[in-house]
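Q: Required output: the full structure, derived from the provided sequences and hints.
These protein sequence lines are chains U and A, in that order. For the first sequence, my numbering begins at 52 and goes up steadily by one. For the second sequence, my numbering begins at 42 and goes up steadily by one.
What the hints contain is simulated information worked out from the structure, not anything from laboratory work. Every value quoted in this text rests on a predicted model; they were computed, and no experiment measured them. Hints are not guaranteed to be accurate.
[Claimed, not checked] Okay, derived cross-link-like pairs now, EDC-like style, lysine to aspartate or glutamate, Cα gap no bigger than 20 Å in a straight line:
1. Lys544/U <-> Asp49/A
2. Lys54/U <-> Asp346/A
3. Lys170/A <-> Glu198/U
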Amino acid sequence: MPKRTDIKSILIIGAGPIIIGQACEFDYSGAQACKALREEGFRIILVNSNPATIMTDPEMADATYIEPVHWQTVARIIEKELPNALLPTMGGQTALNCALDLDKQGVLKKFGVEMIGASKDAIDKAEDREKFRTAMQKIGLTMAKSEIVHNQAEAKVAMEIIGFPAIIRPSFTLGGTGGGIAYNRDEFMDICGQGVEASPTNEVQVDQSALGWKEYEMEVVRDKKDNCIIICSIENLDPMGVHTGDSITIAPAQTLTDKEYQIMRDASIKVLREIGVDTGGSNVQFAVNPENGELIIIEMNPRVSRSSALASKATGFPIARVAAKLAVGYTLDELENDITDGATPASFEPSMDYIVTKIPRFTFEKFPQADDRLTTQMKSVGEVMAMGRTFQESLQKAIRGMETGVTGFNPIVDQSSKNILEQIEKELRVPRGDRLWFVADAFRHGLSVEEVFNICSIDPWFLVQIRDLIDEENKLKKEGVTSLTENRLRQLKRKGFSDERLAELIEQSESEIRKLRIDNNIRPVFKRVDSCAAEFESATAYMYSTYDVECEAAPSNRQKIMILGGGPNRIGQGIEFDYCCVQAAFAMREAGYETIMVNCNPETVSTDYDTSDRLYFEPLTLENVLDIIHIEKPHGVIVQYGGQTPLKLARDLEIAGVPIIGTSPDSIDLAEDRERFQKLLEDIDLKQPPNRTARNVEQAVKGAEEIGYPLVVRPSYVLGGRAMEIVYNEDDLRNYMDNAVAVSNSSPVLLDRFLNNAIEVDVDAISDGHDVCIAGIMEHIEQAGVHSGDSACSLPPYSLSDKIQDKIASQVGAMARALNVVGLMNTQFAIQNDEIYVLEVNPRASRTIPFVSKATGISIAKIAVNCMVGNSLASQNLTHVPVPDYYSVKESVFPFIKFPGVDPLLGPEMKSTGEVMGVGKTFGEAFAKGQLAAGEEFPREGNAFISVKEIDKEKAVIVAKELILLGYKLFATSGTCNVLTKAGIECERVNKVREGQPHIVDMLKNDTIDLIVNTTEDKKAIADSYSIRRTALQHKVFYTTTITGAMATMEALKKRDSIGVNSLQDLHKGVIA
Amino acid sequence: MRYRFLTDNALLALEDGSLFYGTSIGIDDESTGEVVFNTSITGYQEILTDPSYYKQIVTLTHPHIGNVGTNPEDEESSQVFVSGLIIRDLPMVMSNWRATENLRDYLIRHNIVAIAEIDTRQLTRHLRKHGAMKACIVAGDKIDADKSIKAAKSFAGLVGIDLVKEVSTTSKYNWIDGTRGLKDGIKPSYSKKEWRVIAYDFGVKRNILRVLADLGCEITVVSAQTPASEVLAEKPDGIFLSNGPGDPDPCDYAITAIKKIINSGLPVFGICLGHQLLSLALGAKTSKMKFGHHGANHPVRSLDDGQVLITSQNHGFSVDEKTLPSDLIATHRSLFDGSLQGVHHKKYPVFGFQGHPEASPGPHDSKQLFNHFIELMQEHKT
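A: Listed below in structure tokens is the structure:
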């Protein structure tokens, strides 16, 4: 059955900002869907609030709306565009929920929009716990037994039904507060009792425990003729109890016999049929009792998911692309399997002749107060995938792709601890993100496979192989370098050991091991991912390295540009850099080069096998990159687009003779090296905040006295403001130097005078080595001191004078020329009393490049990469980027709600996971849309609470006046209240928490406050007001923690009812609603 | 075709002179056969014990083989039929709750020559390009490459050779076991026995018999050379023609018997080699394929309703659709290469399927073909 002809236009909903649990995998699926449906001739209308995505590039759809993924906004888009159909399955849970809202609100019916890809009934059946249970019973599948308990009597009944151990979870509490695992009657009754108490609805759910069971996932695709295929089976290394997104996973499943695998296969297909997923991909999760093979179903997702992105990358089968085609009427047998150039149809099941390992990446160091134990709630922010011909190779490649500083199974346990074994046992039993390394340490400290299994239930099949790696390490350590014969070295490489790890073990340098390896002609070969285990010929150059015999790389003789990607997502380095890498690949392909991508993040568009001509799915380490370069011999390598990951390699690559194009590694170093950079600024007569470099505590204290407090302190060479703080006095500074950083001669600490109430400005510019073009000047909403990645910003600036902007532009030009920048350069300035200070310069792609591109309609990254290959700005007809006559606001999105106990206060260390963009005729409208897109709903009226620090009191009066005009009743703490009353503003005084009850937190808990303006400084005040921010977060009360944020909010509140929707295509033509 | 490790003590030599060194994981010995690749990720024990692999050396494309050990339930016959096994990696430990013996011990107990540490993808690509090859697999201290290449060349091949005779049962027997349930092991099928079925054993896989038993068949398995008259005298409700190894063409005794059985008007169902023999009996021709179909992911289109079935496949010969007589209709075609996958007679209740609806290993998508056999017997009875 060919495609439907009754549909002409399709609305695709994206996933919005990157949050924990919903990352750039939905950019990958959404971009694939756009491409797949557009090539079928459909008009594609896209809505996604996330500007950092490839899918929101104006070329990807016919009408691209960077607007809030909220039913009311989407309803306006529907009204304007009148699409025939809505595809809700490509944008994660966000898109599904939005589609359900549109249906519930009658929007779809009103405008005659058909939901394709998943029906409302199917979504309901899959998402509603009770409906799902009934459906599963109907097809004979078992779920973990579950009961709801409100009181003691019900608890007793539940205990009889569920048995032990039982998992007890209070309803509607965050992070499972008040819950636990009961192993006996007493524990059961106790935990139920405290759970009922903790739950706002006095309700707990009691589940049968499948702790320690093996966990599996099946990725299934079904078409409307009921053709079903399994794309991939995935086995979790971490047994039940850890969210699958936080688990290390292996594909294909390794410890199932065919009999068991087929039972799971049959069950998965039955689930899709019963739930009613008629066209598209779904993910079905199972648990298996390792003792008797008993199978229970955990859940299913009736849409493409993080796992389906992983499965697509793992197999080479593009699930989202195929699902999109099925949604418009095709059947599987009518579609080609692209990776084999159509030699095979899409209606088959991929076969893998390699092992895929995924390891999640966590960022707990950003949230020291967060509970970092892994549970059923996902906490990781990114992931890395690796392929190898064996599990050991694949696992060790994945480990070094993570970029957490480990080179393999580095020891992790505290050797000085008295109770090493106790520590190890605890870490194995109650896992954190680093359990894998404790498994290795367990073997190092003499535990047997059986003992480790008994503690953590990781399948012995995996454990034995980890133990073997540790045995190899111990042996090598003992025998030393002389034991590294060609044969032995080759065997070790086949087990996946990195040169770096081997070097550590025998106390040599990485380069010595590399030399030994090359002298012995031990180099990896590259094998292709072809979805069919070599049964059919594949021309697609999707490759991974392995130490095996035959190399299938078959490099061409064309002129090649190689792009090094950004590795796993983390806070500070996310999808923005992937966007830049993908743009570079597109631009270089258009310019006639063969493009080569190297990356190891399975969620991304850059690792889609048709983004570049050739894809190497490899860790971004010096070793792996050099091995690829050896084979490919590229004309140029781009290191400035993938964030800190490739930049870190730049120096070593250059030493190895790799042709790095664009700004030279030396210039990059010049900009990063405090002392060299200071000299450069002096030479061109630009200002920095007074600053010092300290290599020990005493130097720091002395430097601080010279330049004065408050200070911004940070280690050199960091991204995302890692360990960056503002200190207000000597005690704070000493504390920071002693505890927060490991300061040394080679890694000094930088001290900058903190500029109070300065406006921060971000500028992106392109330079071809001669001319410099300002791409965008962005004015931050939050004042200097909040990390640029966390603050909202406006393009064009909303309060800076033209004169200041001109001055900024000329300073950027001077610096770009002085640094010999070829490509992109990002500069951060602080403006205090019309004085311009340079905060930092980064001659590389910045986080704001996609935002600036979307806001201006000029693909900055593409132009800059053309500069790198020698095409001048003039030859690209770019003399200046026109400043739009509308406002675009970028707003950041934070994971605080997932981390109970963490203060949602903004500071110099970056904490946001994603961003959204709002566009409007006025700054207020754009900011309002940014807030809505970030998930904030402005209260329409009600009670506002104001409590500000001394320096903000003047502006607080302005904010207060606005609030009164908008119809709010004001509450304030004593100091602020006095100021407001003096200014003639009516305001009621409330107690601070330490002033005794009833206080502000009581009011928040009683839901009597609707809006909060709360600014603080110094450690004590911050600690005092923590409970206000945290309670506000949990009670979903709108709050702002900066006075400038409050001012912007006032602008937004005034515009909240005049929100229009605009497609990028219209905006870039200058048409605005 | 690879650097040798010091530990290398086994060799695969192909007729074209290619050499693949590796580590022995079976007995020290020499064996010859046709080397083929199978892309199924699971089910190595079923593959090893499938009589259709007689005189074949199998390489499995999935790199880890042996993960789940072996167990008595997953055997498709009473012995290991492959002439050799070639894999990339034998895991250090088996892990599965049903495992009773690890793969290495199992191979040794069954006197199999087997090699690990081979670049099986390289071998697979070689076979894809050049076709299935005659090969010699050898393990022990006295490896002589030239001798092995000679041995490979001297292997008779599969074309024109009757292997069926060698694998078929010598005496007839009754079959009562059903398929394995989720929780219970394999045990006699307790379904009501409504159909008397005689199954020709050309190299039958146990799971075929188990599925038939589940569906209420009382099964007698007879030797390949049993004359039609003997079978018809038992007055069965239907005749089943099993899978089996090698070339169907030389099995003239079977072809003769099948012709008579078809003419009797009894329902007949043939799987794999049984399907080929059935087609030959009705006048079609078979030929050798380049590297055959061996895997568990093969899409087959059911021509009457267009449905795609993911099937388990294992054959090196196929029925040429162009040679089908006019009253034999093509019912299924491979979506990989368009080859014929199923036939049904216009007049007689007779049909055949090239893939393996009994799976084991592989998906169960085509299992309903067994129900069709039951339907035909039902119709025939009434």
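Q: Hint by hint, note whether the structure agrees.
A: Evaluation of the provided hints:
no., hint, result
1, Lys544/U <-> Asp49/A, "holds, 17 Å"
2, Lys54/U <-> Asp346/A, "holds, 19 Å"
3, Lys170/A <-> Glu198/U, "violated, 59 Å"
Of the numbered hints given earlier, the model fails hint 3 alone.
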